[in-house]
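Protein sequences, first through last, are from chains A and W.
According to this note's numbering, the stretch in the first sequence is residues 4 to 311, in order.
According to this note's numbering, the stretch in the second sequence is residues 88 to 441, in order.
For the record, the hints were derived by calculation from the structure and aren't laboratory data.
Keep in mind that a hint or two might mislead.
For each label pair, taking beta carbons as the anchor points, the in silico distance ranges come out as [what the hints assert, rightly or not]: (1) A:Leu134 - W:Lys400: 24 to 34 angstroms; (2) W:Asp432 - A:Lys220: 51 to 61 angstroms; (3) W:Lys350 - A:Lys5: 45 to 55 angstroms; (4) W:Arg426 - A:Asp281: 21 to 31 angstroms; (5) A:Asn129 - W:Lys350: 15 to 25 angstroms.
Cβ coordinates follow ideal geometry from the N, Cα and C atoms, glycine included.
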Amino acid sequence: MKKIGIPKALLYYYYNDLWIYFFKYLKLNVVYSNQSNKKILSDGERLAQDEACLSLKLYLGHVKDLINRCDYILVPRLYSVKKNEGVCTNFNALYDLVNNTFDNINILNYNIDLTKNENELLGFLNLGKELGFSYINSYIAYKFAKEKSLENRIRREEKQKYNLTTNNTKILVAAHPYNLYDELVGKPIIDYLEDENITIIYSDRINHKIIDSECEKISTDIHWTHSKEVMASINYYKDKVDGIIIISAFPCGPDSLANHLAIREVKNIPVLKLIMEDLNSDIGILTRLESFIDILKQKKEENYEKNN
Amino acid sequence: MKRIISFPHLGNYYIPVKYLLEKLTDFEVRQSPPITKKTLELGEKYSPNDVCIPFKYNLGNFIESLDKGASILVQAGGGCRYRYYAEVQEKILRDLGYEFSFIKLISKDKMRVKETYNIFKKLNSKLSLYKFINTFIITLFFIYYMDKIDVIIRKRIGFEVDKNSFINLREKMYKDFYNCNNLTTLTICYFKYRKKFKKLKIDKPKNCLKVGIIGELYTSMEPFSSYFLESELAKMNIELKRYTDLSYLLWKKKLTTKHMLRKTKHYCKYTLGADGLDNVYRTIKLAKKYDGIIHTKPFGCTPEVGAIPIIKKVAKDKNIPIIFFSYDSETSNEGIITRLEAFYDLIKYRKEKK
């Protein structure tokens, strides 16, 4: 039976639910690459351009990790997933980049480009066809997967809503999910915050229906779908949390402008901007986190005294 | 007192833009002061740290214009990060305490005639649609002719006999172009100067070195940002070819995308974002007749970073030397010259070996 490999980086964090239910419905086997580790990172650094962003380097490392472990590697190409919006150009080039970086690689690919009327459904139908399934089968599988993935998203959103009502110290961690949940990039930060007994609010668990309206309050011109989510979450949660941590990979094109714009809207609470580049030592990051949390606690105590 | 309208620099294109704005509005049109080191310093000081360098140049231009008394600023917009420049720059400038109105020519990635007309109508209530379209078309031809002449110049300037003869004639041509009021006189003017340029004395050996310049648009069009790469190359007696110019970006790109996809299908299945695919296509094309390729980009330019591995692969397959320049505000002129000289020696050696 055919095995499909999914690199645990970049788009995995947006589309995993959709992919996994789609392939499950079609009774296909899926293999994941390992969690990000030092070897994957050093592989990626060797394969990628020096100037490529950390996330792209990790991605190439994950693809390398999958080679010889599966029949196909899933590498989609995105251009525009929402009307009048675009995505980071890394996603535009992803397929061709992987295809040209590795020799003899079997890639499973679909394309989403709304400017050419190629929507997600069409992409998955073509994906199914390439794997030898009829359009009807793929259609049903896609609908099933879409429904399930939406359900999962809503469940996460509900949980977040509940977390927001607690009295604990709350911190919004705003980042692209592929940085936020990555074992090397965001995970150490999240682990640290959890150890400190802080409730974490995740930027990608904002109610998906309010993204557009919240984002418009900060920026009318932004056109990167994935950055919009981060910006909307900063605007929406800024009055509801005690502090904000923004994680970004170096050098990130969209983030360099979007985060700059978002931060200037936040006035009353402390913001920590972490730009991740060299992952060989997280001591520098931890020191900054420590002092940030000290500031938060002090502020909270002061407020508490004022109120009493 | 008239209000002053101003806009950032991009090579010599301030001339047609000035022409357009002067015809369409009642304001005094004054382009930003020429780019200097100071411009970059100013831009750098107030920009986000990791933004790409065109943003810093643009912001520096705006600040200098505002200091000179401008009260209306124009920003073009376009694809990639350019599309988002305007909003961030406006906010930064307002935070600095400047008062001005800001005009974005292209919104939502596409330029629509009616929307643009409405923008100008707001500036000048007497403007008629006919005059708007007419001036616009003349400006487009202005740009088109400028680029055509530049192609001729790039081929010949490395071999000029009288120093600066090309540059001086070009300055004169711009002045004459600027005084043309309709398409016919502009076209006549263009042909006149084309003849003149072709008659300028050159001393060109038959097997001269030929180099193609590809890369990101701002660094290839604004000489200051690439540390005057083209004139440095001209000093080395090299024939140049550069694809990116304003007429390419405004309409040629759209018309040729399908053709490019067909020609690059061995390497690329999709477009790579911004000018990524274009550069892969150019590499394939240049590899046939040229001796070397120079690729320029600002540091951290995401679309080019995505395209470079593919460009490198093409260059390796086709066996053509290629050199990559990545410009940052800290890049030093000497480093670039040294690398350029080494590159020159390489292509010269290869040519002689053949």
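Outcome of the hint check:
no. : hint                                    : verdict
1   : A:Leu134 - W:Lys400: 24 to 34 angstroms : holds (28 angstroms)
2   : W:Asp432 - A:Lys220: 51 to 61 angstroms : holds (57 angstroms)
3   : W:Lys350 - A:Lys5: 45 to 55 angstroms   : violated (33 angstroms)
4   : W:Arg426 - A:Asp281: 21 to 31 angstroms : holds (26 angstroms)
5   : A:Asn129 - W:Lys350: 15 to 25 angstroms : holds (24 angstroms)
Of the numbered hints given earlier, the model fails hint 3 alone.
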